[in-house]
Amino acid sequence: MNPIVKVNCLKHFYPDKTEVHLCGLEFLVNPGERVVILGPNGAGKTTLISHILGLLKAVDGEVEVLGMDPYKNFEKVRKYIGVVFQNVDEQIIGPTVYDDIAFTMRNDKVDKNEIDKRVREIAALLKIEDILNKIPHYLSGGQKKKVALAGAIANKPKILVMDEPFNSLDVSSKSDILFLLNKINKEFGITLIITTHDLDIVPEIADKIYLISDGKIISGEGPRELFSNVGIFEDVGLEPPILSKLFHSLREEGINVKIPVNIKEAKEQLLSVINYKKV
Amino acid sequence: MSHIHISDGVISAFWGLGGYLIVGLIIFLILRKVEKTDLKKKIPMTGVVAALMIVGMSVPLGPLPVHLSLAVLSAIIAGPALGFIAIFVVNFLLAFFGHGGMTIVGLNTIIIGAEAFVGSMLFRLLSKKLTPFKSASIATAIGVIVSMTMMIGLIGITTGGYEVFLHKFLDHHHEVGHSNEGVHQNEDGHLQQQHGGEYNEEGHDVKDVKFLFLSGWTAIVIILLLGIFTESMGTGLIVKFFNKIRPDITGESNTAVTDK
Amino acid sequence: MHHLAEIDNISITGNSVIHNLKAVSKMIFALFILISIVVSDSIVHIGGIMLILIGILVFSRIPLKTVGVLVLYPAFFSLVFALIMMQQSFEHGLIVIFKAVGAALNMILLITTTSYVDIFRVLSLFLPKLLVDIFLFTYRALFIFIDQIENLIKSMRLRGGYRAFNIFANLKNVAGAIGVMVIHSIDMSNRMYQIFSLRGYSGGIINWHEDKKFKLLDFLYVLISIIILAGVIVF
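Residue numbers (my numbering), protein chains in the order written: chain C, 1 to 279; chain B, 1001 to 1260; chain A, 2001 to 2235.
Please keep in mind that the hints were generated in silico from the structure rather than gathered at the bench.
Computed from a predicted structure; not experimentally measured.
Glycine residues also receive a C-beta, built at the ideal position from the N, C-alpha and C atoms.
Do not take every clue at face value.
To be verified - The calculated lysine-lysine pairs, modelled on DSS-like cross-linking and capped at a C-alpha distance of 27 angstroms, are:
#1 C:Lys186 - C:Lys158
#2 C:Lys17 - C:Lys76
#3 C:Lys17 - B:Lys1033
#4 B:Lys1036 - C:Lys11
Said to hold, decoys possible - Pair ranges (Cβ atoms, derived):
#5 B:Ile1220 - A:Leu2064: 30 to 40 angstroms
#6 A:Val2234 - B:Met1057: 11 to 21 angstroms
#7 A:Ala2005 - B:Leu1225: 26 to 36 angstroms
#8 B:Lys1036 - C:Lys112: 34 to 44 angstroms
#9 A:Arg2163 - C:Thr18: 34 to 44 angstroms
#10 A:Val2234 - B:Leu1017: 45 to 55 angstroms
Stated by the list, open to error - Residues from chain A that face chain C, not an exhaustive set, calculated with beta carbons under 7 angstroms:
#11 His2184
#12 Ile2186
#13 Met2188
#14 Arg2191
#15 Ile2205
Next up, chain C with everything else stripped away, as it sits in the complex (with noise of 0.2 angstroms):
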């Protein structure tokens, strides 16, 4: 399978004269894949997809989507990518949450009544259709994060990047978030591409995880292998997942436990650890 995002060794020069490097793991995201950039503030994950959405040009290394330089052929890419931004106040220019949902297909000149079936669809997924003539800068910062999704996805991308998605959300809207972005990539196969420093999500939205620290991309693993390597974590600065510390710290006790890497796995190991038999 070829992939549909590749970058490899990444040099890029800022205006305050900052410099980042990103090399080591070559990144590489498939088709349909779903992909979280994790490592601490500074790493360098900003720059990554803002090289992949062909808004930077890199003073060298490879940069491939879809096979082509994004920062070239931005007009072409761009067709195939979505995406939202950390800060969706800045993203959202749409007067009403409908106008903003249709802003990209109106752009590329889509048919009148296929845009307004389009919004319609992704509202009612989204179960956003009862705000659709609502003012973007009145709404809650959940309904916010779901109106920059809708804009995003309108357009059936290809690759859909977020970078910290779940910033600034309360637990009921980052779990909504998170079921939603499940079943855009089960249903439309959609490729996620998500940064984000939340750990304890990770697990429920990767396929892969690349950690990028000091200038370097490490691992490239699922999150079950990631989580076990406890270590790696603290090296890059990042505090591990709960469970893993815990489990971890369970099997330096000398007990023979595997590392979970969600609620259900740890229950299921902890019970079994009490040899707990239901009465």
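With the hints as your guide, set chains B and A onto chain C.
Below, chains B and A without anything else, positioned relative to chain C:
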């Protein structure tokens, strides 16, 4: 600063319409250029700069009866052309709140646009030799003086303010203390002396006129000077601040000398 | 600046007859009333128009306190010119104030019953699309900045950077706060342009489309303004 806080109906609608026509033409020409070049990427910035101006106006400065307008700053950041459009947008939106009449928006834009244009051009020139603070302050001060001059001139011409002063307040008897430059007889049969371009009815001296607002003029001058000072200092300090962190905003190559 | 947010809220959440009229009708009404006020030189006419506007504001359940605060501004500034005109006659001076207040009431009626977005939509019919885009970007950015500047000023006050009579320190610190906002705003506008480019932006965000059909009330509303204008001209 030189935003004319004149409401609708003070200045004749024809002047207001003329203002709109001139502004319309200028904006049309600017946007045509924007369409053809990659200046389109500055469209969001123009809106952002306009919003910054409105917000800047609302920041209280303590007991000062003035506020920052940030017109020159907007032209430094967005360029004089897009800065002009930002100024139009600001005036138009403020008119909805009664901050200046809707019919005056065109004239206001021309005056403040002139301030921004002069200020930003001077900044570019001065910053090659002076520090960002000095160049921004001096450029802004001169820009504000230009716009104030235009404002006073415009108000005088359009409202006939000068005529009101002359007709009403020179209508009493005083000794002439000046040499006659000519004696005319006007329609009413009153003798008038022409003195330096100003008419004295029945031969009295303009200098001796005690006008209701004469002491008020002192207050107005003080406020104008305060406005110039505040705007120029404010702009200078703002430019100095962000130039340290992001010299690319003003164009680093423009600033040969740096503030300490 | 909280007026702006308050008025935006009033225009969106209001549910009076006037709120539900088409934006076009309300803007035409405002235009004809403005013309009436500008061309008239009769205190009776302008006073009558003001009473009508106040009546409509009350009918639309617009908080008169908000209106009063906004009207103070043009009333105050028109006083300067009114005092000049009063040298001709007291009536001349009063007309200046009435025109200022009347025109302001007219605009306030429009913006408290019509959202900015609807106003921009109507403007998109005849203004260049890039100019309307700038209006929209300004509107969006304003709401982001209002929160930011309030927080910055609060923070300054709490940290002793803003004192009532310390003009020089205030100016310096306020300049710093605005400087911070300049940097954030430029970065924000660059990010905005990036994301809009990704979404295919090439100018022209707002489309003219109108869900509401013209109703009899729209025609009546416009007719009232035409009658007022005709009355002012004829009488």
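> Which numbered hints turn out to be false for this structure?
Replying inline: 2, 3, 4, 6, 8, 10, 11 and 12
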